[in-house]
Every structure is written in structure tokens, then in C-alpha cells.
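Undergrad: Letter by letter, the chains look like this.
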Amino acid sequence: MSEQQRVSLMVCAGTGCVSAGSLKIKEAIEDELKKRSLEKEIGIVLTGCNGLCAGGPVIAVYPDEIFYQKLRPEDIPHLVEEHFVKGRPVQKLMYKMPAKRKAIPVMSEIPFFKHQVLRALRNKGLIDPEKIEEYIARDGYMAAAKALTEMTPGEIIKVVKDSGIRGRGGAGFPTGLKWEFCAKVQSGTKFMLCNGDEGDPGAFMDRSIMEADPHAVIEGMIIGARAIGANMGYIYVRAEYPLAVKRLQMAIDAATEAGLLGKNILDSGFDFNLEIYLGAGAFVCGEETALMRSIEGKRGMPRPRPPFPAHKGLWEKPSVLNNVETLANISPIILHGAEWYRNLGTEKSPGTKVFALTGAVNNVGLVEVPMGIPLRTIINDIGGGIKGRGRKFKAVQMGGPSGGCIPESLIDIPVTYEDVVKTGAIMGSGGMVVMDNNNCMVGMAKFFLEFTAEESCGKCPPCRVGTKIMLDILTDISEGRGKEGDIETLEDLSHDIIATSLCGLGQTAPNPVLTTIRYFRDEYESHIKDRWCKAGICRELCSFHIIEELCKGCGACLRGCPSKAIVGEKKKPHRIIQDLCVRCRSCYDTCKFNSIKVLPAGFEGEPSELVETAAAAKSGKGAAE
Amino acid sequence: MPRLTIDDLKKIKEQHKATFAVREGGYRAKVTVHMGTCGIAAGARTIMTALMDEMAKADVKDVIVTTSGCAGLCSREPMATVEIAGGPPVKYVELNEKKIKEIFDEHILKGNVVEKYAMVVGSETTY
Ligand SMILES: Cc1cc2nc3c(=O)[nH]c(=O)nc-3n(C[C@H](O)[C@H](O)[C@H](O)COP(=O)(O)O)c2cc1C
Ligand code: SF4
Ligand code: SF4
Ligand code: FES
Ligand code: FES
Numbered sequence: 001m002s003e004q005q006r007v008s009l010m011v012c013a014g015t016g017c018v019s020a021g022s023l024k025i026k027e028a029i030e031d032e033l034k035k036r037s038l039e040k041e042i043g044i045v046l047t048g049c050n051g052l053c054a055g056g057p058v059i060a061v062y063p064d065e066i067f068y069q070k071l072r073p074e075d076i077p078h079l080v081e082e083h084f085v086k087g088r089p090v091q092k093l094m095y096k097m098p099a100k101r102k103a104i105p106v107m108s109e110i111p112f113f114k115h116q117v118l119r120a121l122r123n124k125g126l127i128d129p130e131k132i133e134e135y136i137a138r139d140g141y142m143a144a145a146k147a148l149t150e151m152t153p154g155e156i157i158k159v160v161k162d163s164g165i166r167g168r169g170g171a172g173f174p175t176g177l178k179w180e181f182c183a184k185v186q187s188g189t190k191f192m193l194c195n196g197d198e199g200d201p202g203a204f205m206d207r208s209i210m211e212a213d214p215h216a217v218i219e220g221m222i223i224g225a226r227a228i229g230a231n232m233g234y235i236y237v238r239a240e241y242p243l244a245v246k247r248l249q250m251a252i253d254a255a256t257e258a259g260l261l262g263k264n265i266l267d268s269g270f271d272f273n274l275e276i277y278l279g280a281g282a283f284v285c286g287e288e289t290a291l292m293r294s295i296e297g298k299r300g301m302p303r304p305r306p307p308f309p310a311h312k313g314l315w316e317k318p319s320v321l322n323n324v325e326t327l328a329n330i331s332p333i334i335l336h337g338a339e340w341y342r343n344l345g346t347e348k349s350p351g352t353k354v355f356a357l358t359g360a361v362n363n364v365g366l367v368e369v370p371m372g373i374p375l376r377t378i379i380n381d382i383g384g385g386i387k388g389r390g391r392k393f394k395a396v397q398m399g400g401p402s403g404g405c406i407p408e409s410l411i412d413i414p415v416t417y418e419d420v421v422k423t424g425a426i427m428g429s430g431g432m433v434v435m436d437n438n439n440c441m442v443g444m445a446k447f448f449l450e451f452t453a454e455e456s457c458g459k460c461p462p463c464r465v466g467t468k469i470m471l472d473i474l475t476d477i478s479e480g481r482g483k484e485g486d487i488e489t490l491e492d493l494s495h496d497i498i499a500t501s502l503c504g505l506g507q508t509a510p511n512p513v514l515t516t517i518r519y520f521r522d523e524y525e526s527h528i529k530d531r532w533c534k535a536g537i538c539r540e541l542c543s544f545h546i547i548e549e550l551c552k553g554c555g556a557c558l559r560g561c562p563s564k565a566i567v568g569e570k571k572k573p574h575r576i577i578q579d580l581c582v583r584c585r586s587c588y589d590t591c592k593f594n595s596i597k598v599l600p601a602g603f604e605g606e607p608s609e610l611v612e613t614a615a616a617a618k619s620g621k622g623a624a625e
Numbered sequence: 001m002p003r004l005t006i007d008d009l010k011k012i013k014e015q016h017k018a019t020f021a022v023r024e025g026g027y028r029a030k031v032t033v034h035m036g037t038c039g040i041a042a043g044a045r046t047i048m049t050a051l052m053d054e055m056a057k058a059d060v061k062d063v064i065v066t067t068s069g070c071a072g073l074c075s076r077e078p079m080a081t082v083e084i085a086g087g088p089p090v091k092y093v094e095l096n097e098k099k100i101k102e103i104f105d106e107h108i109l110k111g112n113v114v115e116k117y118a119m120v121v122g123s124e125t126t127y
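Just so you know, the protein sequences line up as chains A and B, in that order.
The numbering used here puts the first residue of the first sequence at 1, with every later residue one more than the last.
The numbering used here puts the first residue of the second sequence at 1, with every later residue one more than the last.
Just chain B, same shape as in the assembly (with noise of 0.2 Å):
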């Protein structure tokens, strides 16, 4: 490593945000992908691929992607959860990467939910 500056010590804190965000719960949005064998089944690895390209590209820090078993709704998956902090759970159905990629352009990065895909809003908390 180089000689650091006090800018430098500034970035490479900005830089690891999002890892932190992770471990420290400091994040802004919550996706969950619902991971239960008919969703796997349905396709939801391929959600969570797109989602975690997405994320990288767009460079974010500050949101967090967990899985979750089966939402119990088997016939609607593949099935993602946004949660901005503060706001309700928005469950989306029947995804593809098409959609999710608009979903996180849209409700997570922007936070306008995508009424057109979201299924229900406000549902139970998954912590």
C-alpha cells in the first residue's frame, strides 16, 4: 500500500461501505429473494444473479440482497421482497431479469414501487 493521505483514509471508507452495511445494519434497502425449492425451481437464481450485477454496476452501498425459504406462493414465483428503511415491504411476483433489472432501477434506486409487478405491499417483516 501507498503512502495514505487523510483523502485517502476517506475513500477506502467509502469503498467499504457496502460490505459494512451488510455487518453493521446501517443499509438503506433490503432485497429478498425467496430461495424455497419452487422458487429455485422457477428461476429465482437468475433474479439473484441479475440483482447482484445490477448492484454492482450501479456501484451501491448501501443495500442489502438476503434469501429466504418459500414464500408460500408457490404458482407466483419467482418472488423478490423490496424493503426501503422506513417504508413497507413490497413483494414482487413472477419475475424475470428484465423485470427485476426495471425493479431496481425504479423502486430501488429511485423508490417508486413498480405497481404493475408488485403483487402485495405491506406484508410481514422478514427481521
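For reference, chain A alone in the conformation it holds in the complex (with noise of 0.2 Å):
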């Protein structure tokens, strides 16, 4: 006889929840619980990341569906009489719509999690995936099941390429043919790889499946295996994932125990062993065939292509590297059909994708959305629109180092790898940085060329040396000591680098840049010939001032200026000796009434001049614009 429960509370034990203190919350409520004895009325499970980490720590209540976040051990006895003895929510520790102020407690309400539609996630919040049981108690292995003992390796590719699913891990190359190809390939021995790289900074989705739902994983490359014919895997974790690998390990050897992994799987004669390799980190090693030289113990540097790794990959024998995200959302597709996995998405773009929201918007997190939904849904009803008061959405960089940003203007397209392509960036693996009016594009490109330049292996010449030549003349830009000409040059650079580099890296890298001087070309050319960095970040080309008439002298900037930059009266129009002042912001972001604008470096006029333009910032547009 099971013993029942009649509530489930999932304490979120994600990266993110953990460093912020969700053990702690777990020992809270079950010293709580043991005191009324409650412990067996009441279950607790630990869980993979929810997604809402910026909430940390969370915890999911069902049947209620009642979300807390930002809980303290001193909230629990409190929470434990009110809800779980008398049944009432508290509403003080719910979740809160940013805006509003008021507390929404039912998770579908919440549009975070409204918008969503969870396959590769499935699992999140809602199993403890540290134990198999509860993997398969949500149909976990039956998809695998069916695919080695009631399918074709011919069947099971057939059904894979119809759902026309596309690899996850930023190419979007069709899985269903790249299973095909290795297939195809007459070999003894073959591999199926994992890649669990993740190296694009800033991006954690991979990482939240292989925490939350590792048995996922694994079964997506229990399948792939059997439909190429490989009996031994390595899923390829880069070695800061601590959580992931650790999860991984206690999954992979649950498995073999069950006989879900080793010799002759669910006694359908299919052997397929899985091993992890630690990643040393580089971003590089992300790439397919570096990934597979650094298993072979080699350093991890891309080379041509072909030989495809179909034909020739680890160790030189027919190999298979899917994404976590990808293999993830193959079992699902094995149960339901190709049909069902293509009635959310586009034609072109069918399923869901993960992306990681981060930077200027309220909500920062995981969300799982139909391909094809429009980019707005995304920032403004999932991510609750741009965080702070009085700013506004400028762009989205998606793709990471690889990708590009999209302006304000391209805020509706849907969300699919094509339109993502048509602007410039890319789907890559689903890094989403959002960024205001605060937010200097120049500053921007430049940080995610940094990385690509730190980053290079260094075996192409015009990927090592184009990129650091780039590098420097956005930071010579960014200095203030931009030159006429500097913009045809960074996309002379651009394009070559693009064209003659060996492997994705290089030929991504230019992308932020391009995509920048496409849409805000007007910000690099203020930086280089008015010396203006209009969103007030690039400290040589700006200068802060108060303007006379919108300043009500609350003395708000007085009180935080680090150099006493600042002068004036109480209740009288404060003033800014620009000869002490050291840029650094403070009271342009303090001030509640928007009276310091941003103007060029040395600026000397008289600041009433800008009335004007000061009148238009009163309804809400800055001078920056």
C-alpha cells in the first residue's frame, strides 16, 4: 500500500535557488512539518530549476498551484500553519506581477508561465530527477521502449524527420537527416554523442535540463542511438556544471541498474553504454568536431568539414552530437508522432524552443515557447516588460556571441530560426539579452567581440588577428578616439573574417557588430563624431547635467555623488561641476524626476538650452534619442 499525500510541494533545488538558500527552506519546512505531523500528508521534492531563478529561493505547492519565491526559513512556520494546516495561501510570499503590485497566486495565471508550452522541460519543477521512479512515472523510458522494441531504426528516423525537428544547439540542421546520414554508414562502431557545451555566457537551458530532467536526456540518446546503430555514447558536460554532471551520473547509473542502459536494454538485444566527459570550457570545444577531438584527449580545435562526422567523427568513426535540448525533446516526439510534435511552431520551425531570459526585463529566467510566437509575447508578457522605471526596450541580442541584436522596430517577428535569421542574428542556442535605453550599443558589440576574440583557438589567421583588430577599433571608438571611416572598416573586417574562417566561431563572430552598425549606425557615428555616447556608458564621450527647470532639488543626486560633483540648495535647481565629476552615473540614475540628461563630453553651453529636448524627455523620451 503507497502512502498517500494529499499535497506536493516542489522546493526548487536549481542552481540558482540553491545559492540563494533553497536547502535551507527544504530543512525549514520539514522541521515544520514533523512538528504538527504533518510529513506524511505533506510530500517534499526536490526539483530542477522553475526558471523564475530572479525569485530564488522557489517553491510550487499542488494540487493549489500556488507559487512562492524569495522565501527565509522565519517565512516557514507562518507558511506551514496558514497554508497547509488551515488551507489559506499566504498572500505576502507569492509570486508578484511586476507592474501591479498584486499578488497572483495560480501558476497558469501568472503569465510567466502562461505563455509557455513545456516539452523539452516537461519535467521541470515537477519530478525529483534524482529519482528514476518519478522519471517514469511521467511515461519516462516508454518512448524508448517502444523505440527498440516495436520500431525500426528506419521508423524511428522516419518519424524524427517528419516532426522536422532542428537541432537546438544553434545551426538548426534537421535531426531526423542527420541521423539519416550516419545511418547510412556501413561501420562496426559508431558513437552518439551529447553536447552539454554550453558555452554561449549568459545561456543556462541546457544546463536546467540536465539538472532537472537528466533520465530525459539520456533516453533522447538511447533513441538516436539505436536509429544510427552506435552502442556507446559520452555526453559531453563542461566541468563548471557541477549540479548537471552530478545529477547526470546518479542518472546514468540508476539507469544501468534498471537495465535501461548496458547490455541488451528492455530485452530487445540493444546494447548502448553512456559515459560523461568533463569539459575543460572553452567555447570553442562546443563546436562539433573540436568537441569530439577534445574526447579523444586532443586539443579541442575544429577541422574541416567533410569529412562530416557522420563519416568521420569521434575517433574517426561514424558519429552523432545532438544538443541536451534536442535529445530532450525526442521521446515525446517517439510517443505522440510526428504530427503532434508539429502542431505548435511554424512549417519551417516546428516545437518549442527554450530560451534564456536575461538582462532588462522583470522577469529573468527559463521559458519554454511555440516557435513562431511573436518576440514581443516574449519580452513584454513573459518577461514582464523592461525593469525599472521610465525605460524603455531598445533591443534583444539572441544568439549570443554568435548572434546579433534586434532593434524595437523588429519586435514583432515571430520567433522562428528564419525571421531570426532575416534580421541578422540568430536562434543560436536561445540566449536572449535583453537591453534598454541604458544599454550603449557600440559597449555592447564590443563585449560579446572580446569574448569571441579571447575565445578563438587561434588556427585561422583572420579569426585571431581579424577579430582583435576589431576589437580595437571599438574600443578606440569607445574611447574617443573614433575615426572617419572606422564603420566601412569594422564591416570590410566583418565580411572577411566571416568568409574565410574555418569553423562557426569565426564566422559568427562579426554578427554582433554588423548587426549594431545595421540598426543604431547613428549611435557608433555619434560616438565618433560628436563624441556623444548618448546612453551615457562610454565615460570619455559623455557628461551629465541637470536641467535647471525639470529639477526640483531633492537633493536625491547630492547624496550619492562619490566625487561631491554636485552643488545646490535644498528645494532649488542643483547643478553638476563638471570639472569633479567622474561620469559614473549614480545621479542620472537616481534622479527621480529625469532631470539629468546625457550630452557629449565637454560639453559647455548652457543646459536651459535643452529645454526642448528636456520637455520631450518629460514625457518619457530621453535626450538621448
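Simulated from the structure, these hints should not be mistaken for lab results.
It is possible that some hints are incorrect.
What the hints assert, rightly or not - Derived pair list, reagent style EDC-like, types lysine to aspartate or glutamate, alpha-carbon separation capped at 20 Å:
#1 K263(A) with D8(B)
#2 K146(A) with D8(B)
#3 K61(B) with E39(A)
#4 K10(B) with D139(A)
#5 K468(A) with E488(A)
Build the complex from these two chains, which are given one at a time in their own frames, with help from the hints.
TA: Below, the structure written as C-alpha cells:
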């Protein structure tokens, strides 16, 4: 007879929440439940990331579907008493809508959750990733059973091909086709590989899947291995993901013990062994040929293709490499079929995609949405819009260092591989960094280029040298040494690097620069010609001024100024002494009345000349535009 | 864990149905025990315990039990509301262990409202 529980408390034990103290919360809850003899009725489960890490530690309560956030151990006695004894959910601990400050309790009403459709993340926050039974209880390994005992490799490939799923690791190559190429090659030894390198800074989709649902990745690999005829597999995970590594290893051990890995899986006669390979963390190691070299124990450097890995991959044997999220999608496709998969998304981009939403939005986190959803819905509804009074959406960087930025004028595009590429950005692995009017686009391009220049493996001179030269030019521009013709030089260099680099790193590195030039050329120009960084980020290219007519003399800026550069009496207009100002922006961010404006470096005129611009500022538009 | 067969996979899934009914919302019936201060004083805890015992004994997987605060009818506590999916909620009043067992057998398992203990049918839903 199984113990019956009336409530499940899903305590998030993703990396974000654990560092915010979720394990202490769990202990506190256990203590309270024991005190009240409720420990049998109420079950506690540690789950993987819920995707709302900024609110950590978070817990979800089922069946009530109530979502608590930012819990502290001292909140727990009250919470247990009120909610679990008396059934009165505690308003003040619930998730709140950013703008309204009103608690919305039910998860399906929280816009962050409402627009999402979970496929790759189907078990997120719902199962204990360290218990194989919980995965099985949610249809786990049923797809592997079906693929191994009822389907031929050809049939598996057909379903995956028909589903139209494209690789989620960046390039968007059709997974079914990739499997088919490899299946066709005759060889006694083949390898099924999983790419858990996730090198894009700011991305954490794959980490979350590995942490929250490691068996989903394993099951996808078993099915893929069967389709291509591989008996050995490796999951390549970066060593900086210790929790993912631990959960994957536990899952591999449990699956092996249950006979779901190893010899004669589910009596089908099919053998598949799986091991984890710890990556050293270089970005280029995420590239498929470099990753294979790295597993072989060599330095992770890309090599030319062809030969493609489907023919000569790991140890020169036919191999398939798939991304974590791609693999997590495989089981449902096998169970429910290609048609089912296609009922979300678009013709060319079916299914869902997981994004790591970060930057200037209210809800930073992990989201899974149907392909084709307008970018606006992701940013404004799921992301809860731009954070901070008076801030406005400016652009979103998609695809990380290989991607590009998409400006406000294109915010209504549907998010699909095709539509995103048209903007000059790429879907990439799903990093989405939202920028507001306080982001400088030259600085943004510089940030990503610094990353790629640093991570270039050095094999191709255009990539190694070209990115350095571009970085120098960007540094000059942002420090006031920009010259006429720099923009054109950047464009020329970009095209050369794209045309002559061997691997995707070099071929995509210029994208952030090209897209920012394409959409924000005026911003480059004002840096170069007017010595004016309108966002007030490049210190050498701006000056801060208080507009007399708008200043209420509240003194907030004065109190916060680290270099005592602001003078003025209470209730009278304040003034910034330019010689003392170090351009830290603190006053600009502090002033509640938008009275401080960013002007070109060394601006000398009368700030009141700017009243007109300032008046426009009042209606929400900064002088920055 | 021993080597699993496909049947074992199905069995494990079956065994965990109850837990996941609670988490996924795919339940057939929902019982709300009113546990306000007055309810607890009147013995709502005993009702809850008795109910949980019955559920375990009958090994039902598709029924969930929740608590709620005072139902506003303190004089008639302990109270519980039973909702069968698709049907109106039924409020039972002045419960004791014997009555809740009967309600469990008749209403929750078989779907027949136990009219003699029921106070009202079709009040506000609780979720
Ligand atoms: C520089 C570079 C870094 C890459 N990093 C990753 C990565 O971290 N994770 C990943 O899945 N794919 C990465 N890729 C893409 C892989 O080469 C490969 O296309 C992908 O893992 C294939 O899986 P998929 O078809 O399922 O997307 C990277 C590619 C390049 C050029
Ligand atoms: S393009 Fe850059 S990272 Fe790629 S192989 Fe060439 S040098 Fe290395
Ligand atoms: S930018 Fe910084 S240093 Fe300059 S006036 Fe404002 S607070 Fe002071
Ligand atoms: S780690 Fe808890 S929500 Fe992401
Ligand atoms: S202090 Fe002058 S308005 Fe902010």
C-alpha cells in the first residue's frame, strides 16, 4: 500500500535557488511539518530549475498551483501553519506581477508561466530528478521501450524526420536527416554524443535540463543510438556545471541498474553504454569537430568538414552529436508522433524552443515557448516588460556571441529560425539578452567581440587577428579615438572574417558588430563625430547635466555622488561641477524626476538651451534619442 | 533496483499516479476539509486523518485532498466539500469519523451524494 499524500511541495534545487538558500528552506519546512505531524500527508520534492531564478528560493505547491518566491527560513512556520494546516495561501510570499504589485497566486495565471508550453522542460519542477521512478511515472523510458521493441531504426528516423525538429544547439540542422546520414554509413563502431558544453555566456537552458530532468537526455540518446546503430555514447558537459554532472551520473547509474542502459536493454537485444566526459570549458570546444577532438584527449580545435562527423567523427568513426535540448525533445516525438510535434510552431520551425531570458526585463529566467510566438510576447508578457521606471526597450541580443541584436522596430517578428536570421541575428542556442535605453550598442558589440577574440582557438588568422583588430577599433571608438571611416573598416573586416574562417566561431563572431551597425549606425556615428555616447555608458564620451527647469531640488543626486560634484540648496535647482564629475551615472540613475541628461563629452553651453529636448524627456523620451 | 521490463515501467507509472494527480491536476475528485480555527477545534484534524486513512486503504490515485480556512459556518463544523470532476461541489457538515468514511465510500468512490449529511450543493468553487 502506498502512502497517500495530499500536497506536493516542489522545492526548487536548481543552481540559482540552491545558492539563494533553498536547501535551508527545505529543512525548515521539514522541521515545521514534523512539529505538526504533517510529514506523511505532505510530500517534499527537490526539483530542477523552475525558470524564475531571480525569485529564488522558489517553491511550487500542488494541487493548489501556488507559487511562492524569495522565501526565508523565518517565513516557514507561518507559511506551514496558514497554508498547509488551514489552507490559506500566504499572499505576501507569493509571486507578484512586477507592475501591479498584486499577488497572483495560481501558476497558470502568472503570465510568465501562462504563455509557455513545456516539452523539453516537461518535467521541470514536477519531478525529483534524482529518482528514476518519478521520471518513469511521467512516461519516462516508454519512448525508448517503443523505439527498441516496436520500431525499426528506419521507422525511428522517419518519425524524427517527419516531425521536422531542428537541432537546438545553434545551427538548426534537421535532426532526422543528421541521423539518417549516419545510419547509412556502414561501420561496426559508431558513437552517439550529447553536447552539454553550453558555452554562450548567459545561457543556461541546457544546464537546467540536465539538472531538472537528466533521464530525458539519456532516453533521447538511447533512441538516437538505436536509430544510427551506436553502442557507445558520451555526454560532454562542462566541468563548471557540477550539479548537472552529479545528477547525470546518478541518472546513468540508476538507468544502468534498471537495465535501461548497458546490455540487452529491455530485452530488445540492443546494447548501449553511456559515459560523461568533462569539458574544460573553452567556447570553441562546443563546436562539433573540436568537441570530438577534445573527447579523444587532444586539444579542442575545429577541423575542416568534409569529412562530416556522420562519416568520420569521434576516433574517425561515424558519429552523431546532438544538443541537450534536441535530445530532450526526442522521447515525446516517439511517443506522440510527428503530427503531434508539428501542432506547435511553424512549417519550417516546428515545436518549441527554450530561451534563457536575461537583461533588462522584470522576469529573468528560463522559458519554453512555441516557435513562431512574437518576440514582443516573450519580452513584454513572459518577461514582464522592461524593468525600472522610465526605461524603454531598445534591442534584444539573440544567439549570444554568434548572434546579433534585434531592434525595437522588429519586435513583432515571429521567433523562428528563418525570421530571426533575416534580422542578422541567429536563434543560436537560445540566449536572449534584453537591452534598454541605458545600454550602449557600441559597448554591447565590444563586449561580445571581447569574448570571441579571447575564445578564438587561433587556427585561422582571420579569426585570430581579425577579431583583435576589430576589437581595437571598437575600443578606440568607445574611448573617444574613433575616426572617420572606422565603421566601413569594421564592415569590411567582418565580411573577410566571415568568408575565410574555418569554424562557426569565426564565421559568426562579427554578427554582433554587423547588426549593431545595421540598426544603430547613428549611435556609432555620434560616438565618432560628436563624442557623444547618448546612453551615458562610455565615460570618455558623455557628460551629465541637470536641467534647471526640471530639477525639484530633492537632493537625491547630491547625496549619492561619490565625488561631491553636485552643488545646490534644498528645493533649488542643483548643478554638476563638470571638472569634479567622474561620470559614474549614479545621479542619472537616482533622479526621480528625469532631470539629469546625458550630453556630449565636454559640453559647455547653457543646459537651459536644452529645455525643448528636456520637455520631450518628460513625456518619457530621453534626450538620448 | 532490479532490471526492469516494459511491464515494470507501466507498473511504476501506475503506482505513482496518485502523487502526480496532485501535481498535474489530472484528478477526478477533490475533497476540501475546512480547517479554520473553529474547524480544528471541532475536530477537523480527525476528519482529515480518517480521510487519509481511507484513501490509503482503498489505494485511490485520482482523489486529492486539500484544506481551506473557515467556511463561515462555525456552528456546523467540522465540514468538508467534495467535488467530483464535472459535478457541483457538495458541502457536508457536522462530520465525524464514521460519516466521512461513509461519504468516502458512497460519494467519492461511487459518485452518489450522501444527502443526509449534505448541507448544500453547488456553492462557490474553491479553485
Ligand atoms: C564555436 C561554437 C560553439 C558551439 N557551442 C555549442 C554548445 O555549447 N552547445 C551545443 O549544443 N552546440 C554548440 N555548437 C554547435 C555544435 O557544433 C553542433 O552544431 C550542435 O551541438 C549539434 O547539435 P544539434 O544538431 O542538436 O543542434 C557550437 C558551435 C560553434 C561553432
Ligand atoms: S574560425 Fe576561429 S575558432 Fe574557428 S577554427 Fe578558425 S581560428 Fe579557431
Ligand atoms: S555622474 Fe557620478 S560623479 Fe558625476 S555628478 Fe553624477 S554622481 Fe557625481
Ligand atoms: S534555480 Fe530555482 S527557479 Fe531557477
Ligand atoms: S535632485 Fe534635482 S531633481 Fe533630482
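Undergrad: Mind listing which of the numbered hints don't hold for this structure, in increasing order?
TA: none
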